[in-house]
Amino acid sequence: MDRIIRREPADWRHSVAFTGHRPQKLPFGFDETDPRCVDFKRRLCNSIEMMILEGYTHFISGGALGMDMYAAEAVLTLREQYPEITLEIAIPHDGQTAKWPQSLRDRAERIREEADVITWIAHEYTKRCLFDRNYYMVSHCSVLLACFDGQPGGTAQTIETAHRLGRLITVVQPVRRKAA
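What the sequence shown shows, in the numbering used here, is residues 235 to 414, in sequence order.
Treat the hints as calculated values from the structure; they're not laboratory data. Where is the CB? At the ideal position from N, CA and C, for every residue including glycine. Misleading hints may appear alongside valid ones.
Calculated pairs, EDC-like style, for lysine to aspartate or glutamate (alpha carbon to alpha carbon, straight line, at most 16 Å) [stated by the list, open to error]:
#, residue 1, residue 2
1, 333, 318
2, 333, 358
3, 275, 307
4, 275, 288
5, 361, 328
6, 259, 383
Simulated restraints on C-beta separations [what the hints assert, rightly or not]:
#, residue 1, residue 2, range
7, 280, 358, 15 to 25 Å
8, 411, 245, 19 to 29 Å
9, 287, 403, 12 to 22 Å
10, 394, 269, 13 to 23 Å
11, 316, 359, 12 to 22 Å
12, 246, 269, 11 to 21 Å
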């Protein structure tokens, strides 16, 4: 595991990690102009701000599309108002963004450039690197903030790990139906 530390993160007891679905599993897909996405991002940002006000100062994102990216961007926006908070990106492997469209690769790169800590779990992709990244995040936080719809997969496994490790879990759900 390699790390770049630009600013020292807080103790894990003051840390929050994010987990959640990729855009394909979200009701608004990749359409960030959809009112449901706008509402979800607003509620996510409000949840993160409440955690800051409760004393949480370090936030860990897995750097994936969807929830991870939205949460990381919210932290960076909130850092303008709360300069004491730090953002860590836990990257599962070097090629994480390789198959993404260029615009999303550029967006991920901007987030990484502004992050206070970058942690690489592995350089090469392995069958375990995503699990290892999720375990790293949960073991380095006291709260897991999740976007979860109950379906099996990586988010469910991360939540189960958080349960086993005794972490507090908070869920922010997107609205499923479009307003009439």
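Exercise. Within 16 Å, alpha carbon to alpha carbon, are residue 275 and residue 307?
Worked result: Given that 16 Å is the threshold and the Cα spacing comes to 10 Å, the pair holds.
For this session: With a cut-off of 16 Å on the C-alpha distance, tell me whether residue 259 and residue 383 pass.
Result: 9 Å, holds
For this session: Take the C-beta atom of residue 280 and the C-beta atom of residue 358, compute their distance, and say whether it sits inside 15 to 25 Å.
Result: 38 Å, violated
For this session: Quickly compare the C-alpha distance for residue 275 and residue 288 to 16 Å and report which way the hint goes.
Result: 20 Å, violated
Exercise. Could one say that the CB atoms of residue 246 and residue 269 fall in the range 11 to 21 Å?
Worked result: Check failed, 36 Å falls outside 11 to 21 Å.
Exercise. Between residue 394 and residue 269, does the beta-carbon spacing fit 13 to 23 Å?
Worked result: Roughly 32 Å apart at Cβ, these two residues miss the hinted range, so it is violated.
Exercise. Given the hinted pair residue 361 and residue 328, is their alpha-carbon gap at most 16 Å?
Worked result: 14 Å, holds
For this session: Take the C-alpha atoms of residue 333 and residue 318, compute the straight-line distance between them, and say whether it is at most 16 Å.
Result: The given pair, whose Cα atoms are some 34 Å apart, is violated under the 16 Å limit.
For this session: Please work out if residue 333 and residue 358 have their alpha carbons no farther apart than 16 Å.
Result: Judged against 16 Å, a Cα distance of about 15 Å means the pair holds.
Exercise. So the hint says 12 to 22 Å: do the beta-carbon atoms of residue 316 and residue 359 match that?
Worked result: Violated: the Cβ-Cβ distance is about 35 Å, outside 12 to 22 Å.
For this session: Return holds or violated for the Cβ distance of residue 411 and residue 245 against the range 19 to 29 Å.
Result: Once the Cβ atoms are compared, 41 Å apart, the range 19 to 29 Å for residue 245 and residue 411 is violated.
For this session: With 12 to 22 Å as the target window, see if residue 287 and residue 403 comply at their CB atoms.
Result: 19 Å, holds
When each numbered hint is compared with the structure, violations occur for hints 1, 4, 7, 8, 10, 11, 12.
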